[in-house]
Amino acid sequence: MIPELGHFALVLALLLALGQSWFGLLGAARGRVAWMRAAETSVAGQWWLLLLSFAALVWSFVRFDFSVAYVANTSNSLLPLFYRIAAAWGGHEGSLLLWALILASWSAAIVFFSRQMPLPFRSRVLGILGLVSVGFILFLLSTSNPFDRLMPAAPEGRDLNPLLQDFALAVHPPTLYLGYVGLAVPFAFACATLLEGRQEVDWARWARPWTLVAWLCLTVGITLGSWWAYYELGWGGYWFWDPVENASFMPWLMATALVHSLAVTEKRGLFRSWTLLLAVSAFSLSLLGTFLVRSGVLVSVHAFATDPSRGLFILGFLVAVIGGALTLYAWRAPALQAPGGFAPTSREAFLLFNNALLVAAAGLILVGTLYPLFMDALGLGKISVGPPYFGIAFLVPMVPLLLLMVFGMHAAWKYSRLGTAKRPLLMLLPLALLAAVGLILAGYDHFSLAAFAGFGVALWLMGSSLVAPWQRRDRWRSLPAGFWGMTLAHFGVGLFTLGVTGVESYRIERDLSLAPGESATLMGYAFRFDGTREVQGPNYAAVEGSFTVTREGQPVTVLTSQKRLYASGGNPMTEAGIHVSPRRDLFVALGEDLGAGKWSMRLQYKPLIRYVWLGALLMALGGLLATADRRYRVQLRQEEGQPA
Amino acid sequence: MMRKLLFVLPGIAFILLAAFLVQGLFLDPSRIPSPLIGAPAPQFALPDLADSSRQVSNRDWTGSPYLVNVWGTWCAGCREEHEVLLDIARDSDLPILGINWKDQRELALRWLAELGNPYSAVGADLEGRVAIDWGVYGAPETFLVGADGRVLWKHIGPLTLEAWRVDFLPRLAGQGS
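Those protein sequences? They're chains S and E, same order as listed. Numbering-wise (this note's numbering), the first sequence opens with residue 1 and increments by one. Numbering-wise (this note's numbering), the second sequence opens with residue 1001 and increments by one.
One thing to keep in mind: the hints can contain errors.
[Unchecked claim] Computed cross-link-like contacts, DSSO-like style, restricted to lysine-lysine with a CA-CA straight-line distance of at most 27 Å:
(1) S:LYS414 / S:LYS598
(2) S:LYS267 / E:LYS1004
(3) S:LYS598 / E:LYS1102
These aren't lab readings, by the way, just hints derived from the structure by calculation. Fair warning: this is a prediction, and the values are worked out from it, not measured in the lab.
Looking at chain E on its own, in the form it has when it is part of the complex (with noise of 0.2 Å):
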């Protein structure tokens, strides 16, 4: 009995192995959790990218929900959720934070003054501090952050209408406002 159990196990080994793999094809292997999420956004301070002199802080938009998006010039994800951004800024009140990261404040202007500027106020982040508290591996990256000043979702990757219907607005629906 023993004997003929050893000539079962392959059969089960490889059993196993294929329920794992009709999860897999279900898994999105882009889909990267950040424990930021449910956690309290990072404070975050940096200098005004129109004007330097000022500051920029998400501090001065907690008790309402806004969004974070990192961008950069030199991204060319980010150029092309510009639109998506700008939909977003005209067709809802929700604030837009950028976090302009490692990036030229003259091509940030430039940028911003050809495109179109969906932003509430931009933060220049040019050695990539604020980028590490957040925990972003690479522009474009938007969050959403709940009135309560916690992270709700964050989206990696062109932001598309799709995904924001999708996963910010019920979240943001939750929010009440």
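In isolation and in its complexed conformation, chain S is listed as follows (with noise of 0.2 Å):
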């Protein structure tokens, strides 16, 4: 019964998109004010049903209804509460649900939050969101229905995919779907913009938040996605360049370059087509991000769904929404006019190259990722493109990118100064090589071009950051939350840089077999083998092995990993053992019984790579700051005091 309401539920709410893009944008289109408010009360139902519809999923979980045939696929009745619950949006069907319902949430924030917008222009934002949301709905009705049945119902569950029983992971793909499907706010306002052909560039302002917002919620669904794949997977990577990171990583450096481009249109009025095309472009991104992931066109490891039936719908849905985005550029954008122009290096023109540098990258990497796909398509063969392409792919552009952030947020607009800022950075220049040589003869054994030049770098840039909050030591509470919001994220972004070049130049990786009380010493730390034992969880069995670490005789830690059988079947699952400490990562991964008590495993020494995602993390703190900035409240305040 509750999952047959949830389904209903999920039905009207399809009615509802569609009454909120067919008031919405007619409603704008006719000025009739009534259908304006019609697709606000549309948007707000939706919302109701879809949770709904999503509570009702839940609960057949919780209650363990194995009738339904997706309960049934993704969880049994050892699955503890919490994965239960977070393994509604653990399989393809769920997760799409979540994904519309997230999306609703956004159609209602921007009904609740965006009163300073005129009514048509928002009505007009509203109905672009509903005909995403009724795609996505359709989509769900049609091909992935989490409500199916089981005629005769299961008597026991299949279970999560062990590699998903994680907390890392319960929380990635909500995060994650929030900017994805954030990215559809500021596309709906860049449609709507061109569909009035609106000359005005006050949409730009309205429109940063919430890119903002979707922004740092990518980010913060990226870092989480690496981080669990670093401890999770067994393989000590964070990152490996797969088809389904690309996919979320596209969208990240559309929507950064579309943060930076969308200041230079809010302030000074410029790279308005460009903008919009930005816009369109991240989310464009995003949604052939879920093509790629969830129609199987690209075999990778997290090809969880592939069926072509729900590969085909999705492409046309990717037809009908980018296309016709794309067409009504085509028709409006040529009559955008561009005031004024800039100096070579002015504010402008470093944003300029930040946005060429940002999407070249994108490009870069979405070559790399359909390049396979291109010459299959073609007949020209069977390749795959590994991370040494991405690597230099993404090198390339991200090296000026960071040498010109050093100067580029100091630059003025319009006019070509650098002002005070100038002789601190370049005096900043030789300290932080200074600092780089440093910190390579103090923690490492050997000196690598790479790595000084990426230390260099990261310093130069974290020390460029915390220049303008020094000189203007004597006002810091006077200055906008978006000047610090700047600063934490370019910090970041040093921070970031810092931890790659730190663990991509000395990180040090040993397969080894070792038997009871035999050691291995890596950077000077011993590791001991100390056996292993059995281990009883709620569903699984495991082997835990067990390592004592040392250093000069000095004990370090304790380190244990496991190899898990999970009771549902599948291969064993690795849990690696890591011991954190600001300079490194100590990280001990199980591998195979060789027999006699010996065990293959896998010895990794990571320096520096906590700051990989902590200066992730510092990014999308920054992102959170600048959108508490006053500008976007004050708005909302006079909103408020003026009679409705």
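Hints given; two lone chains; assemble the complex.
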């Protein structure tokens, strides 16, 4: 009964999504206020219905309703409650439902928070979001209904993919989806602007906080995914250039470009059509990512769901949404006027380079991701594109980006003037390089030019981002939140660079086989294998290997790594043992039983790896700070003061 | 006019991309073409699994079509397809040559004794040399060789009756046997 209720709510939500787009777009076109109000009511109704639908699904998981096919596929009676709830988005159907719910939440948030926008414009934005929502709910109902019943009901479920039974991965998809779907908001703003042929750039100011929130959710989502892959997959890598990772990274790069380009459009009225195109592309790439992941066009370790009918549906949807938006763009964007110009080293110019480089990076990654598909489609053979390509393709635009960033954040609008920041910046360079040499000499056993350059740039960038707050130290309180956000985010980029340089230059990985009592030494850390014991978990049995780590005879820690066999079957899963410190991670993963107490294992020394994620989180935190900027709030308050 | 064209460009790029994606949907990413298809089958001579003093060579089978099946007791997919091989051996007079790949003799012999032996002969490829000549990615793989000694088809992964009917039988019919 409850699942049918959820299904029915989903059907009603589809009708309301249709209402939302119909009343939103036509109401605005015909200037009918009542219709435009009806669009807002539809948004609210749709949100409640989707929430109900999602709650019905979660309820089915909580109550072990294995007569629902999706529940039987992704959970079983041994699965703890927390993971049963997370299992609601652990498979294809449920994650799409969550996707639709999040989209409706963004629409509802616009109704709630964006009262300062003129009614017709807001109505168009809601109309566009409604169209996207129609597509997703139709997709759910036609090819991926999470409420399909099993006849007869399964006596026991198959269990959630053990890889997903983990805290980070339980929260990773919702965060990532918040970001993915959040990019629909700037997309809708851009489409509404094009539809209206709006010459004013006020939409850029309205779109900025939304874009920032979507961007920061995407940042946190990707970071969580990377952290999870590091400790859960058992390989100790933090980024694999896997098609699914690329699918989340490309929209992130575009969204990063968009966040910066929106600033130029808002402050100076420039880059108008470019910003619109970026807004369209960022969401397009997030849809393309969905297509790549859900259709199985590219084989990848993440391909949990592959089904050609689903692929065809998403592709049709993709063509309708992106094709429609780009047609609108080709039709309306040429009429947009760009006033004024800017000097070659003004902030506009730096941001132009920023945009060009970020888009180039996204483009190179897109080409690499789709290259095997192109070759195959053209009959030129099967090939795969791996980390060596992506590493280079990413580094080439990133190095100039980091260098330009050092200066760009201090540049003035419109004029070529670095002002008082120029001298400290130039003085920081030798300091940063000196510190880089010091870091290498103090911490590592050999000198590497790449590490020297990477550390140097990272430290210079971090220093540069602190110059402005230092110079304004007497009036910290009066500085806007947007300024602090930018400072923190750019400092985060520096920290991230530091981490990546450290771990890529000085990581050590050893694949060994040890018998109990034997040890191996990595960078001065002695790992003694103390043997294994059996461990029983709630829905798995495990063998746990234990390692005593010492440094110069002093105990450092005891690490344990498990090899888990889940009751539901499947391949054994490795739980790595990790010791964290600001300087490095020590990482132990148990391999295979080689007989006679001997085990194969992987020991790793990962210098500075924590800064990779910490840097990314600082970027997100910077975004959050910038969203809280007074400029966006003042509008709200003014609006509330006005009579309705 | 040129300026307007610039704004149409993203749309055109997207149409091109979409065309590739449509085609991509209908490609099977697990289908890896073998350069061997159409080429003469590589010759091999391996010690017989049952009696290592004797040799198994595909030269002895030229003149009529035959199957070459690469397997090992360590491979789960091989156990999966074993029933199918037995069916084929029972229902047709097509000889099946086994290449026992990187395996242990005793295990392989016990496997055949327990599960049944569909093979006309099995060669033991302990070092995997022959498998390299044949371009084997992973067991199981099954090759169809024609009467003229050319490779007609290669199947990757566990053989199914479906694949046998669709991919093998029509090609075999062209051989006139």
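Hints and how they fare:
Restraint check for LYS414 (chain S) and LYS598 (chain S): not satisfied, since their Cα atoms lie roughly 68 Å apart, outside the 27 Å limit. Only pairs whose Cα atoms come within 27 Å are accepted, and LYS267 (chain S) paired with LYS1004 (chain E) is accepted, the gap being roughly 26 Å. At roughly 23 Å between alpha-carbon atoms, LYS598 (chain S) and LYS1102 (chain E) fall within 27 Å of each other, so this suggested pair holds.
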